[in-house]
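Visitor: Listed below are the residues making up each chain.
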Amino acid sequence: KQEVTQIPAALSVPEGENLVLNCSFTDSAIYNLQWFRQDPGKGLTSLLLIQSSQREQTSGRLNASLDKSSGRSTLYIAASQPGDSATYLCAVSPPGFTGGGNKLTFGTGTQLKVEL
Amino acid sequence: DGGITQSPKYLFRKEGQNVTLSCEQNLNHDAMYWYRQDPGQGLRLIYYSQIVNDFQKGDIAEGYSVSREKKESFPLTVTSAQKNPTAFYLCASSTKGQGVYEQYFGPGTRLTVT
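Residue numbers (my numbering), protein chains in the order written: chain R, 326 to 441; chain W, 1002 to 1115.
In case anyone wonders, no lab produced these hints; they're calculated from the structure.
Heads up, some of the hints might be wrong.
To be verified - What follows is a set of in silico ranges between Cβ atoms, one per label pair, in the way DEER data are often shown:
no. : chain 1 : residue 1 : chain 2 : residue 2 : range
1   : R       : Ser337    : W       : Asp1039   : 30 to 40 angstroms
2   : W       : Thr1087   : R       : Ser394    : 37 to 47 angstroms
3   : R       : Ser384    : W       : Leu1028   : 32 to 42 angstroms
4   : W       : Thr1087   : R       : Pro333    : 38 to 48 angstroms
5   : R       : Asp392    : W       : Thr1021   : 34 to 44 angstroms
6   : R       : Glu328    : W       : Thr1087   : 16 to 26 angstroms
7   : R       : Ala403    : W       : Gln1057   : 24 to 34 angstroms
8   : R       : Ser384    : W       : Arg1014   : 16 to 26 angstroms
9   : R       : Ser353    : W       : Arg1014   : 39 to 49 angstroms
10  : W       : Asp1055   : R       : Glu342    : 30 to 40 angstroms
11  : R       : Thr351    : W       : Ile1061   : 18 to 28 angstroms
Nothing here was measured: the structure is a model prediction, and the numbers come from that model.
Note that CB positions come from ideal geometry on N, CA and C, so glycine has one too.
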């Protein structure tokens, strides 16, 4: 059974710092990996999706990398801002899930606080 | 605007009552999902549907039921058989773009059962 772990569970940094969030998964046979942001009491916002054949994806100040062989992904946030404060979740989907969708297994998230 | 709507945002029920959570999407997505989120835990899949009139159990389907009569709607019923129904419920849908199924989420419904 796939298990996804995110370390650290919580992180507090000063504004402007570059930071890395970690995600590890036990079964390297994945279809893709998705990073989400969740604000308190809200739904999830998709940040980046990395297909299994890709090594990384970038969007603005965010860069996500994927190393399938070691079962790891990192989310790099450059020049952090107070508005980046949220919980960041990673999720993986299994291969061979045909049809109109995919099943995601989620980590428990990293709660980030960026302080002024 | 295209998106996923969930209603209501907050829902309160007495123990022993069934309750139905609404999820509607106008993104023309084929697949829809229901997740449950508890404090300190990741999201767990309850049910999912890849096409109309078809759905499958996820990891924690006991005590829940769903229907998919229309492409845009996927309501979730929390029955009295669910032992611990108080949680934050999230609905999602996905499309296929270049072989990739990216999931998009609604704002969630917080259910409290007393």
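Visitor: Each hint needs a verdict: does it hold in this structure or not?
Guide: Hints and how they fare:
1. The hinted window of 30 to 40 angstroms between R/Ser337 and W/Asp1039 is violated, with their beta carbons roughly 24 angstroms apart.
2. Against the hinted window of 37 to 47 angstroms, the Cβ-Cβ separation of W/Thr1087 and R/Ser394 comes to about 41 angstroms, which satisfies the hint.
3. The supplied range of 32 to 42 angstroms is broken by R/Ser384 and W/Leu1028, whose beta-carbon atoms lie about 20 angstroms from each other.
4. About 27 angstroms separates the C-beta atoms of W/Thr1087 and R/Pro333, a value inconsistent with the hinted range of 38 to 48 angstroms.
5. About 43 angstroms separates the C-beta atoms of R/Asp392 and W/Thr1021, a value consistent with the hinted range of 34 to 44 angstroms.
6. In this structure the supplied range 16 to 26 angstroms holds for R/Glu328 paired with W/Thr1087, their Cβ-Cβ distance being about 25 angstroms.
7. At about 40 angstroms, the CB distance of R/Ala403 to W/Gln1057 disagrees with the hint of 24 to 34 angstroms.
8. For R/Ser384 and W/Arg1014, the hinted distance range of 16 to 26 angstroms is not satisfied, since their beta carbons lie about 40 angstroms from each other.
9. Judged by the Cβ atoms, the range 39 to 49 angstroms given for R/Ser353 and W/Arg1014 holds: they are separated by roughly 42 angstroms.
10. Checked against the hint of 30 to 40 angstroms, the pair W/Asp1055 and R/Glu342 fails, with Cβ atoms roughly 48 angstroms apart.
11. Against the hinted window of 18 to 28 angstroms, the Cβ-Cβ separation of R/Thr351 and W/Ile1061 comes to about 19 angstroms, which satisfies the hint.
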